[in-house]
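There are 2 protein chains.
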Amino acid sequence: MKTSQKQTIYDIARETGTSPSTVSAALNGRWKERRISKETAGRIIELARRMDYSVNRQARGLRTARSGLVGLILPEHDNRFFSDLSQSFTLEARRRSQCPVIIATQRDPAAEESTVQDLMAYSIDALFIAGAADPLRISRICRSANLPHVFIDQPCPDAPSVITDNEAGARALTEAILDSMPTGATPARDRIILIGGDARLHASARRIEGFRKAVVAHTGRCDPEQIIACGYEPDRALDEMHSLYRRMGGLPAGLFANSINVFEALLRFFAHLPEAELLSTSIGCFDFEPYGELLRFPVHMIRQRHRKLVSRAWELMEEGTEGPVLVTVNPELRRARDGAARAGGSA
Amino acid sequence: MKTSQKQTIYDIARETGTSPSTVSAALNGRWKERRISKETAGRIIELARRMDYSVNRQARGLRTARSGLVGLILPEHDNRFFSDLSQSFTLEARRRSQCPVIIATQRDPAAEESTVQDLMAYSIDALFIAGAADPLRISRICRSANLPHVFIDQPCPDAPSVITDNEAGARALTEAILDSMPTGATPARDRIILIGGDARLHASARRIEGFRKAVVAHTGRCDPEQIIACGYEPDRALDEMHSLYRRMGGLPAGLFANSINVFEALLRFFAHLPEAELLSTSIGCFDFEPYGELLRFPVHMIRQRHRKLVSRAWELMEEGTEGPVLVTVNPELRRARDGAARAGGSA
DNA sequence: CTGAAAGCGCTAACAA
DNA sequence: TTGTTAGCGCTTTCAG
Numbered sequence: 000m001k002t003s004q005k006q007t008i009y010d011i012a013r014e015t016g017t018s019p020s021t022v023s024a025a026l027n028g029r030w031k032e033r034r035i036s037k038e039t040a041g042r043i044i045e046l047a048r049r050m051d052y053s054v055n056r057q058a059r060g061l062r063t064a065r066s067g068l069v070g071l072i073l074p075e076h077d078n079r080f081f082s083d084l085s086q087s088f089t090l091e092a093r094r095r096s097q098c099p100v101i102i103a104t105q106r107d108p109a110a111e112e113s114t115v116q117d118l119m120a121y122s123i124d125a126l127f128i129a130g131a132a133d134p135l136r137i138s139r140i141c142r143s144a145n146l147p148h149v150f151i152d153q154p155c156p157d158a159p160s161v162i163t164d165n166e167a168g169a170r171a172l173t174e175a176i177l178d179s180m181p182t183g184a185t186p187a188r189d190r191i192i193l194i195g196g197d198a199r200l201h202a203s204a205r206r207i208e209g210f211r212k213a214v215v216a217h218t219g220r221c222d223p224e225q226i227i228a229c230g231y232e233p234d235r236a237l238d239e240m241h242s243l244y245r246r247m248g249g250l251p252a253g254l255f256a257n258s259i260n261v262f263e264a265l266l267r268f269f270a271h272l273p274e275a276e277l278l279s280t281s282i283g284c285f286d287f288e289p290y291g292e293l294l295r296f297p298v299h300m301i302r303q304r305h306r307k308l309v310s311r312a313w314e315l316m317e318e319g320t321e322g323p324v325l326v327t328v329n330p331e332l333r334r335a336r337d338g339a340a341r342a343g344g345s346a
Numbered sequence: 000m001k002t003s004q005k006q007t008i009y010d011i012a013r014e015t016g017t018s019p020s021t022v023s024a025a026l027n028g029r030w031k032e033r034r035i036s037k038e039t040a041g042r043i044i045e046l047a048r049r050m051d052y053s054v055n056r057q058a059r060g061l062r063t064a065r066s067g068l069v070g071l072i073l074p075e076h077d078n079r080f081f082s083d084l085s086q087s088f089t090l091e092a093r094r095r096s097q098c099p100v101i102i103a104t105q106r107d108p109a110a111e112e113s114t115v116q117d118l119m120a121y122s123i124d125a126l127f128i129a130g131a132a133d134p135l136r137i138s139r140i141c142r143s144a145n146l147p148h149v150f151i152d153q154p155c156p157d158a159p160s161v162i163t164d165n166e167a168g169a170r171a172l173t174e175a176i177l178d179s180m181p182t183g184a185t186p187a188r189d190r191i192i193l194i195g196g197d198a199r200l201h202a203s204a205r206r207i208e209g210f211r212k213a214v215v216a217h218t219g220r221c222d223p224e225q226i227i228a229c230g231y232e233p234d235r236a237l238d239e240m241h242s243l244y245r246r247m248g249g250l251p252a253g254l255f256a257n258s259i260n261v262f263e264a265l266l267r268f269f270a271h272l273p274e275a276e277l278l279s280t281s282i283g284c285f286d287f288e289p290y291g292e293l294l295r296f297p298v299h300m301i302r303q304r305h306r307k308l309v310s311r312a313w314e315l316m317e318e319g320t321e322g323p324v325l326v327t328v329n330p331e332l333r334r335a336r337d338g339a340a341r342a343g344g345s346a
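These protein sequence lines map, in sequence, to chains A and B.
Just so we're aligned, residue 0 is where the first sequence starts under numbering that gives the first Met the number 0, counting upward by one.
Just so we're aligned, residue 0 is where the second sequence starts under numbering that gives the first Met the number 0, counting upward by one.
Honestly, the hints are just simulated from the structure, not real lab data.
For each residue, glycine too, the CB sits at the ideal point set by N, CA and C.
Certain hints may be false.
Pair by pair, the computed Cβ-Cβ distance ranges are [to be verified]:
| hint | chain 1 | residue 1 | chain 2 | residue 2 | range |
| --- | --- | --- | --- | --- | --- |
| 1 | B | E331 | A | E232 | 21 to 27 Å |
| 2 | B | V215 | A | S113 | 53 to 59 Å |
| 3 | B | D107 | A | E232 | 49 to 55 Å |
| 4 | B | P289 | A | E45 | 50 to 56 Å |
Can you build the whole structure from these sequences, using the hints too?
In C-alpha cells, the structure reads:
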C-alpha cells in the first residue's frame, strides 16, 4: 500500500528545481505579477497536476488569517424555507470559491453564541445569520471580532439585514383571497379572517398591517375581530378555528393563515368538514409548501424568494456594508390555479 | 474603537508569567499528565476566560494535521430526507465537539469529486457521503488520502455503508396496505399494485422483492402486472396511473407508491376523482412527508430512521471500519390513523 | 513541575 | 526573473 505521504510545495520546488515561493505564486495564479516566466509557471502547474497536489488550507489560512470558509447559522435544517436558504447559500458560496459551513442551532441562544465562537476559531471570512434568537448579541460578537456579517430574513437593529417585505406580501395575498372569495355567503360569514402570528413580532406586525390595508381598500373597513393573532402554535390555532366556526355558523368566506403551522392546523380542522364546504371558502397561506398545490381545494401561497434574499445578502457583504442597513425583497405570490382544483374537487 | 488584536497563548503566557507550552496544556485539559500544578493551570484558565481567548484552530490543525471538521456530502438540501440527515448529523457532530460541514452537490459527479478534494484540503477528520452519483470514485479518493469515510443510505461496494432495509420496509408497508384494503371491490380491481421505481437500482429491487413476498404470503401469488416499475418521474407515473385506471375500470383496491414523487403524481391524479372513490382504495407510500398525515384519506408511509442511520454511520467511523461492511436499519412504518381520516372524509 | 525550541505548510517581504 | 527567510499560532518532544 502506497502511503502517499502528503505532498507540499517544497516537494514541487525540489522536483522542478525552483523555490517554494515561486511554486506558491505559480499555483495561485499570481505568477504574472511576480513576473515568473510563463514557462516555469507552466512546468510547476503541470507537475502539481500530475502528482495531484492540493494546498493545505490550514497552512494557507494560518498565514493569511483567512480561511475560505463562510458560515451560515440557522435554526434548523428540517424546514422548507431554511433548506431553500441552504441551497441558495451553497450555490452563491461556491460561485465565489468559498466553502459554505451551514450550522443549525435549534433556536437555542447559547448554541448560537457558541457556534459563532467556534466558527470564528476557524477564521471564517464572513457570517450570515438567519433566524437567530438573539441577533443583537450575535452582531455584537461579530463586530468585536471584526467579522463581516449579514442577517437574513430577520432585521438586526445594528447590522446589515435583508428581509422579506412582509407588508407587501400580506397585501398581495389578501387581495388574491378577496378576489377569489365566493359570493353569496351569509352576511355573518361574508368576510375575510386572518389567523395566527404574534403581533409583537416584527414580521407579524407588518403582515397584519398589509392585511388590514388590503381589506380596508376593498371593503372600506377592517374590524379587530377579523384579526386573530393567536401565535404560531398549531394547537392554539385549531382551538381558535373551532370557536370561530361556532361563532360564525360556518367557515368565513376568506381565510388568511399567517404561517405554515397555522395552515396545517386548518387542514386538521378541515378534515372534519365535508369537502363541499371547503370549496365555499377562499384560502391563503403566508408561507409555501409544494403540497399546497396538491390539495383538493385551491390555496394561495406566499413564497419567500430565497435566492434573492441570499444573493442580496452576499452583495451587502461584498460592498463592505457595516451599519444597520435594511434591504427588503418582495415575496412571490403563488396564486392557486383556480379552475382546475375546484373542478377536480367536484368532478 | 478597540481594535482588539487577536490574543494568542503567548499573550497568556506573558501575562501569567508562564510559557506557551504550559498554557497550551492547561487550556487543553492536558495539564494533569503534564503535571502542571493545579494552581498554575487554574490561573491560566481563568485569565483565558477573562480575556475570552479562543484558539486559532487553523494553527492547531496545521500542527496536528487534523481540523475538527467533519464533512457530509449530499445531493441537495431541499429534500425532506436529506435535511433530516443534516439535522441528525449536526447533532451527532456537536456531541463529539466536531464541526459539521454539510455540502450539497446537486447530484453532479464532478461537483462531488471537487467537493471531496476541497474538504480534504481543509484536513477534515472524516467524511460521510449520502446519495452520491459515483460512490466508487469517491471512496477511491478518500482511501488514497487515508480519509475515514462512510456511506449513508447508499451501499458502496468497497467502503462501510449503512442503509435502510428496503425489503423489510416494503414488506411492512405492503402488509399495512393489504390489511386496510376495502373488501367488495370488483374482481378486476381487487388487487394491490406497486407503482414507480427502477428495478435496476438496488433500493427499488429490494423494495419490489419485499412487496412481492408480502403479496405472495397474503394472496398466494403476485402477477408481474402488479408491479409497474416505471421510474421516479412524476409525469411518467401519472401516465401509468391513467392507463391503469382505464384498464381496471377504476382504482385498484391497494396502491403502493414507490417514492414521494410518485405519490405526488397520484395526488394529482386523485384531484380528478370524487372523494368517495379515494376512500375505496388503500394507499401506501415508501417515503415520508408529514403532509401525508393531513390528507383527507388515510395513507400509510415508510419513514427512514435518519437518526439511526447517522448514528450507526458514526459508530462505524469510530470503530475504524474500513472494508465493505453493510449495516442495515429498519425503517419505520407510519400507519394511517385509520378511522379518523375516513370518518373525517365522509363526515 | 515547567520552559525552550522545533516545525506543521504556506505566503509575503525583501534580496538578489 | 527568482530565491531566502521570517513568521502565522499552535503542539510536542526534550531538557531541565
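Tested hints:
1. In this structure the hint that B:E331 and A:E232 lie 21 to 27 Å apart at CB holds, the actual value being about 26 Å.
2. For B:V215 paired with A:S113, a C-beta distance near 55 Å keeps the hint of 53 to 59 Å intact.
3. In this structure, B:D107 and A:E232 break the distance hint of 49 to 55 Å, their C-beta atoms being roughly 41 Å apart.
4. Remark: the range hint 50 to 56 Å for B:P289 to A:E45 is upheld by a beta-carbon distance near 54 Å.
Violated hints amount to a single one, hint 3; each of the other numbered hints is respected by the structure.
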